[in-house]
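Letter by letter, the chains look like this.
Protein chains: 2
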Amino acid sequence: MSHYNAPTRDMRFVINELLGLEKLAELPGLEEAKPDLVDAIIEEAARFSGEVLAPLNRVGDTDGAKLEGETVRATPGFAEAYQQFVESGWNGAAASPEYGGMGLPEVVATAAQEMWQSSNMAWGLCPMLTAGAIEALKHHGSDEQKSLYLEKMVSGQWAGAMDLTEPSAGSDLSVIRTRAVPEGDRYRLFGQKIFITWGEHEMAENIVHLVLARTPDAPAGVKGISLFIVPKYLVNADGSLGERNDYRCTALEHKLGIHGSPTCVMSYGDNEGAIGYLVGEEGKGLAYMFTMMNEARHKVGVQGLAIAERAYQQAVAYARERVQGRPVGHKDANPVPIAHHPDVRRMLMTMRSAIEAMRALAYSAAASMDEARHHPDAERRAHQQSRVDLLIPIVKGWCTELGLEMTSLGVQVHGGMGFIEETGAAQHLRDARIAPIYEGTNGIQANDLVGRKLLRDNGQAMQTLVAELRQNIASLSELTPLAGWQQPLNAGLEQLEAATEWLLSNGAADPVQATANSYHYMMLAGYVTGAGLMARGAFLAQQAIDAGSDDPFYRQKLATAQFYIEQLLPRAKAHAESVSHGSSAVMAIPVDEL
Amino acid sequence: MSHYNAPTRDMRFVINELLGLEKLAELPGLEEAKPDLVDAIIEEAARFSGEVLAPLNRVGDTDGAKLEGETVRATPGFAEAYQQFVESGWNGAAASPEYGGMGLPEVVATAAQEMWQSSNMAWGLCPMLTAGAIEALKHHGSDEQKSLYLEKMVSGQWAGAMDLTEPSAGSDLSVIRTRAVPEGDRYRLFGQKIFITWGEHEMAENIVHLVLARTPDAPAGVKGISLFIVPKYLVNADGSLGERNDYRCTALEHKLGIHGSPTCVMSYGDNEGAIGYLVGEEGKGLAYMFTMMNEARHKVGVQGLAIAERAYQQAVAYARERVQGRPVGHKDANPVPIAHHPDVRRMLMTMRSAIEAMRALAYSAAASMDEARHHPDAERRAHQQSRVDLLIPIVKGWCTELGLEMTSLGVQVHGGMGFIEETGAAQHLRDARIAPIYEGTNGIQANDLVGRKLLRDNGQAMQTLVAELRQNIASLSELTPLAGWQQPLNAGLEQLEAATEWLLSNGAADPVQATANSYHYMMLAGYVTGAGLMARGAFLAQQAIDAGSDDPFYRQKLATAQFYIEQLLPRAKAHAESVSHGSSAVMAIPVDEL
Numbered sequence: 001m002s003h004y005n006a007p008t009r010d011m012r013f014v015i016n017e018l019l020g021l022e023k024l025a026e027l028p029g030l031e032e033a034k035p036d037l038v039d040a041i042i043e044e045a046a047r048f049s050g051e052v053l054a055p056l057n058r059v060g061d062t063d064g065a066k067l068e069g070e071t072v073r074a075t076p077g078f079a080e081a082y083q084q085f086v087e088s089g090w091n092g093a094a095a096s097p098e099y100g101g102m103g104l105p106e107v108v109a110t111a112a113q114e115m116w117q118s119s120n121m122a123w124g125l126c127p128m129l130t131a132g133a134i135e136a137l138k139h140h141g142s143d144e145q146k147s148l149y150l151e152k153m154v155s156g157q158w159a160g161a162m163d164l165t166e167p168s169a170g171s172d173l174s175v176i177r178t179r180a181v182p183e184g185d186r187y188r189l190f191g192q193k194i195f196i197t198w199g200e201h202e203m204a205e206n207i208v209h210l211v212l213a214r215t216p217d218a219p220a221g222v223k224g225i226s227l228f229i230v231p232k233y234l235v236n237a238d239g240s241l242g243e244r245n246d247y248r249c250t251a252l253e254h255k256l257g258i259h260g261s262p263t264c265v266m267s268y269g270d271n272e273g274a275i276g277y278l279v280g281e282e283g284k285g286l287a288y289m290f291t292m293m294n295e296a297r298h299k300v301g302v303q304g305l306a307i308a309e310r311a312y313q314q315a316v317a318y319a320r321e322r323v324q325g326r327p328v329g330h331k332d333a334n335p336v337p338i339a340h341h342p343d344v345r346r347m348l349m350t351m352r353s354a355i356e357a358m359r360a361l362a363y364s365a366a367a368s369m370d371e372a373r374h375h376p377d378a379e380r381r382a383h384q385q386s387r388v389d390l391l392i393p394i395v396k397g398w399c400t401e402l403g404l405e406m407t408s409l410g411v412q413v414h415g416g417m418g419f420i421e422e423t424g425a426a427q428h429l430r431d432a433r434i435a436p437i438y439e440g441t442n443g444i445q446a447n448d449l450v451g452r453k454l455l456r457d458n459g460q461a462m463q464t465l466v467a468e469l470r471q472n473i474a475s476l477s478e479l480t481p482l483a484g485w486q487q488p489l490n491a492g493l494e495q496l497e498a499a500t501e502w503l504l505s506n507g508a509a510d511p512v513q514a515t516a517n518s519y520h521y522m523m524l525a526g527y528v529t530g531a532g533l534m535a536r537g538a539f540l541a542q543q544a545i546d547a548g549s550d551d552p553f554y555r556q557k558l559a560t561a562q563f564y565i566e567q568l569l570p571r572a573k574a575h576a577e578s579v580s581h582g583s584s585a586v587m588a589i590p591v592d593e594l
Numbered sequence: 001m002s003h004y005n006a007p008t009r010d011m012r013f014v015i016n017e018l019l020g021l022e023k024l025a026e027l028p029g030l031e032e033a034k035p036d037l038v039d040a041i042i043e044e045a046a047r048f049s050g051e052v053l054a055p056l057n058r059v060g061d062t063d064g065a066k067l068e069g070e071t072v073r074a075t076p077g078f079a080e081a082y083q084q085f086v087e088s089g090w091n092g093a094a095a096s097p098e099y100g101g102m103g104l105p106e107v108v109a110t111a112a113q114e115m116w117q118s119s120n121m122a123w124g125l126c127p128m129l130t131a132g133a134i135e136a137l138k139h140h141g142s143d144e145q146k147s148l149y150l151e152k153m154v155s156g157q158w159a160g161a162m163d164l165t166e167p168s169a170g171s172d173l174s175v176i177r178t179r180a181v182p183e184g185d186r187y188r189l190f191g192q193k194i195f196i197t198w199g200e201h202e203m204a205e206n207i208v209h210l211v212l213a214r215t216p217d218a219p220a221g222v223k224g225i226s227l228f229i230v231p232k233y234l235v236n237a238d239g240s241l242g243e244r245n246d247y248r249c250t251a252l253e254h255k256l257g258i259h260g261s262p263t264c265v266m267s268y269g270d271n272e273g274a275i276g277y278l279v280g281e282e283g284k285g286l287a288y289m290f291t292m293m294n295e296a297r298h299k300v301g302v303q304g305l306a307i308a309e310r311a312y313q314q315a316v317a318y319a320r321e322r323v324q325g326r327p328v329g330h331k332d333a334n335p336v337p338i339a340h341h342p343d344v345r346r347m348l349m350t351m352r353s354a355i356e357a358m359r360a361l362a363y364s365a366a367a368s369m370d371e372a373r374h375h376p377d378a379e380r381r382a383h384q385q386s387r388v389d390l391l392i393p394i395v396k397g398w399c400t401e402l403g404l405e406m407t408s409l410g411v412q413v414h415g416g417m418g419f420i421e422e423t424g425a426a427q428h429l430r431d432a433r434i435a436p437i438y439e440g441t442n443g444i445q446a447n448d449l450v451g452r453k454l455l456r457d458n459g460q461a462m463q464t465l466v467a468e469l470r471q472n473i474a475s476l477s478e479l480t481p482l483a484g485w486q487q488p489l490n491a492g493l494e495q496l497e498a499a500t501e502w503l504l505s506n507g508a509a510d511p512v513q514a515t516a517n518s519y520h521y522m523m524l525a526g527y528v529t530g531a532g533l534m535a536r537g538a539f540l541a542q543q544a545i546d547a548g549s550d551d552p553f554y555r556q557k558l559a560t561a562q563f564y565i566e567q568l569l570p571r572a573k574a575h576a577e578s579v580s581h582g583s584s585a586v587m588a589i590p591v592d593e594l
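Note that the protein sequences, when read in sequence, are chains A and B. Per the numbering used here: the first sequence ends with 594, consecutive numbering throughout. Per the numbering used here: the second sequence ends with 594, consecutive numbering throughout.
Simulated from the structure, these hints should not be mistaken for laboratory data. Any given hint might turn out to be false.
The list treats identical chains as one, so a pair stands whether inside a single copy or across any two.
What the hints assert, rightly or not - Pairs of lysine-lysine, BS3-like flavour, derived with a Cα cap of 30 Å:
| # | residue 1 | residue 2 |
| --- | --- | --- |
| 1 | LYS23 | LYS138 |
| 2 | LYS284 | LYS331 |
| 3 | LYS223 | LYS284 |
| 4 | LYS331 | LYS152 |
| 5 | LYS223 | LYS331 |
| 6 | LYS34 | LYS23 |
| 7 | LYS152 | LYS34 |
| 8 | LYS146 | LYS284 |
| 9 | LYS34 | LYS223 |
On a predicted model such as this, the values are computed, not experimentally measured, just so you know.
The following block holds chain A by itself, in its conformation from the complex:
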């Protein structure tokens, strides 16, 4: 069984040094988040994830969720871990103190999130979905709804679930068919939902489903879709639980990975109709969902980072232990652990430097969320919100693509043993495979990036980001050992600028040009932004070394940054070139000749 030790040193570096927690903690509402307290929280989350969640990761794979009658039986141990999680208050880490949450800055909650997802991605989806439901209710629920549901969802006593997809409505939710028929001040829902993560289970006392459905006279398309609260057990006015609602889980999907997470087919209203309560106004359901989309997508991006970190730790442990072959160039020496072989080292360094860049990017987006919410200056809030909007599809798309690649590298490091399920390396790859798909496929992220985040503001948010990254790079000139890094870093930046320019010139008028290579643009933006953040990290590390620190962490930071520049950043140019070629070759072969 593989262990998991949360990489708290790098987390603290990113939070404290790279992103400046101390200044963040000056913002109104975040005053509690002093570095000492945050350090203690991170250490405690590390302990919980390593000791409680990580040991259940493998059994989640081999003895996944099962449907027994109409009951979903979670993996043995999952419910107990959930109980401990709730009792420790972790479920409300990011939630507002108003509803009993810890009110941690998003940047700190993101570190905790990374740990839950690294240690047990399938399990971690349960609180992750609850958080999404909390967010939607917080923004759009009535006061009555908030007071009835939120506190228990924040504590974790009740879980949440999000019911969007139907067999014919996946990427395109506008064609949803589930019906919601008004009955007094509530509704009766009828229909089928699929791909409902943790849609049914017994880990919490109640499950609050947020369900997208269509009212009888609603117009076709997105404007006819409303959002409903459909609790598993109806909730009495005093908060106590009443009758079981009329829905059931009719099947669990048999999936490639995350076996511990029940993916439910849900049937609503097989009898008298499931009772639902309208959230906000009719016809605004999809818009409400989108308000929480940023956070949900951010969390999926963090999953890409998290699963890569888990795979890295397992690969390093194996490579240090597995003795095979002599050191290169020393035929007569004794056999050594494979971590000594340059190609194995290359794989491990690829994983490590990608992980550090992903962490810097994902946490940086979280810090922007914090400022966007808490900064006293409205202009600054707006600026940070547009930064968040820009970064979200990059975090989701780039980190989940890299998550997939890095878990696959983790398998490769294990050689033949990587292909054997008992080793556990393959599980990470199988688990990681979902992240580029759910919460909006990466194709959708890419189109969102180019269509909504780039073309709509004519590239302004991107130009602001590029300017900031350029500053990061320029500051390297102050530190002699890093001055030479400016050239490749600036080259990457120029490629991003050129591709941006190309899309602004060609994509606005022609949506096929905008979307044919939007994937490449998303990856390009990820590599270059990652590079700018790695450069900033290296700057801080070099400063610390120059100031006399002998913490090996700083030396390692310089090494991973250099490796990133040499081996990951060069991919940016390939993506930039593909963008510049436009759509003609992409669309050249007609669909029926493919």
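Fit chain B to the given chain A structure using the hints.
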């Protein structure tokens, strides 16, 4: 269930037009391989793979090989398919007529091989391993051994297996421990082997194991290893079967993919010792194995191509059928199949152009094998043999890396359904994951390429290849529509040359420099060689169009070549750049600080 239709049009194009079968069929020993006959063979192999093997692919995954007592029960239907395969003479497609084989040119046998592996990779491993054993015996067996074993192995009446790996001896076979104790003119073997593909089954009457083992007084290291024939049933002088030998399969591995292929733990000599017959001389076992390594590695590369093709066909079928979303830029139009969306098209075109480049490369290596064996001119034979030696690690490494990427893209095209096992898309990814690992990990391929194939001849074989590719590109200037392609193609070639130069200058003296980025060099060589072959294909296609052909295939060929140049070739530069940075960042973090 997904269907498989062998891509015979592209296969025939590569064999006949790109590689010039007609000239190949003038070589002594290949005279039978006239285009008409070869076309008929390909069509028949296409039928067999589509109708007999492909329908068994899914059940191989869901109801894989099982160990029942000491008997390995193959997937239901596999044995019957094997029987039909044998009766149709396919098992001996590539084998010499001297032993009852068809004696097909390797380039044609490779097309058949691709079809077996596309239609059913797990099943296809059984004849693939037999072919390896045939090859080893043909080169190194005594006349008596050949007459006793070869004919029945060529027919498929008996299967073969290769027993190399032990728990402590994988990539480094020099530390093999299995003992072979002489007893008269034979040996008794004792020891354990792992990862033995199709090491035990009942599909054939007998299984001829080729086992690496160490004789009692043998020196340590590779020179102490000998090769033994260890048949499941001892063979009497008249070829009839005698006693069951003293070995057994003690366990099957529980693997990520290729569930239909039993991966056996083999125990030799639990009782009186397994009877084995020495092949060739003592101490030369590993050298003998290496004589058949080229072909085995080539076949694994073909698996990468094959599984990508299967995934592509399934992704195209789904993308043409799954209706979701409106055409980009037409919000009010009716929903369309997702194949119309540019990003989906990009994924499908990525798969298709990569597949065509892989096919051109793998078949081209096969054509070189044919010339290396059959050309009357010794110099030409030597030239082609060095070409084969150079290309093999590229075919194995590059095609299996792309196989992995393309099967993963196949999953992505399916969206959420791709993650559901019943869809079958995930199986291809799981199956594909082994190919970069077995038959020498891709790290070993990369080191072989740089160490043995590049540095040893001081880059000569590579320079010859580059010169040929340059001619392919130069010829584009004759055809106006393609003249503009020369620039990016030549740029790729220059990157390959520069990286070659760098490795020759820095790698010869420092094996760490040679191997730290050998993976990138292998990938670079793959992309650039693939580009040169795509360019040649485009040249021929344009010529055909200019000559009046209205076969849409040629138009498609131009599109895939253009797409390849725009979207895959740019990756070459990223790999080249990583090579040029050398080993310092790769090795910067000490093993115990990883």
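Hints, one by one, checked against the model:
1. In the homo-oligomer, the alpha carbons of LYS23 and LYS138 lie at most 30 Å apart inside one protomer (27 Å), although the nearest pairing across protomers, at 75 Å, exceeds that limit.
2. Taking the shortest Cα distances, LYS284 and LYS331 sit within 30 Å of each other only across copies (19 Å), while inside one copy they are farther apart (70 Å).
3. For the identical chains of this complex, LYS223 and LYS284 are intra-copy neighbours only, at 7 Å inside a copy versus 76 Å across copies, given an alpha-carbon limit of 30 Å.
4. With identical chains, the CA atoms of LYS331 and LYS152 are never at most 30 Å apart, being 65 Å at best within one copy and 41 Å at best between copies.
5. Only between protomers do LYS223 and LYS331 lie at most 30 Å apart by alpha-carbon distance; the minimum there is 14 Å, versus 71 Å within a single protomer.
6. Proximity of LYS34 to LYS23 under the C-alpha cut-off of 30 Å is restricted to the intra-copy arrangement: shortest distance 10 Å within a copy versus 78 Å between copies.
7. For a Cα distance limit of 30 Å, the shortest separation of LYS152 from LYS34 inside one copy, 27 Å, qualifies, whereas the shortest one across copies, 77 Å, does not.
8. Within a single copy, LYS146 and LYS284 get their C-alpha atoms as close as 18 Å, which meets the 30 Å cut-off; across copies the closest is 78 Å, which misses it.
9. Proximity of LYS34 to LYS223 under the C-alpha cut-off of 30 Å is found in neither arrangement, the shortest distances being 44 Å within a copy and 65 Å between copies.
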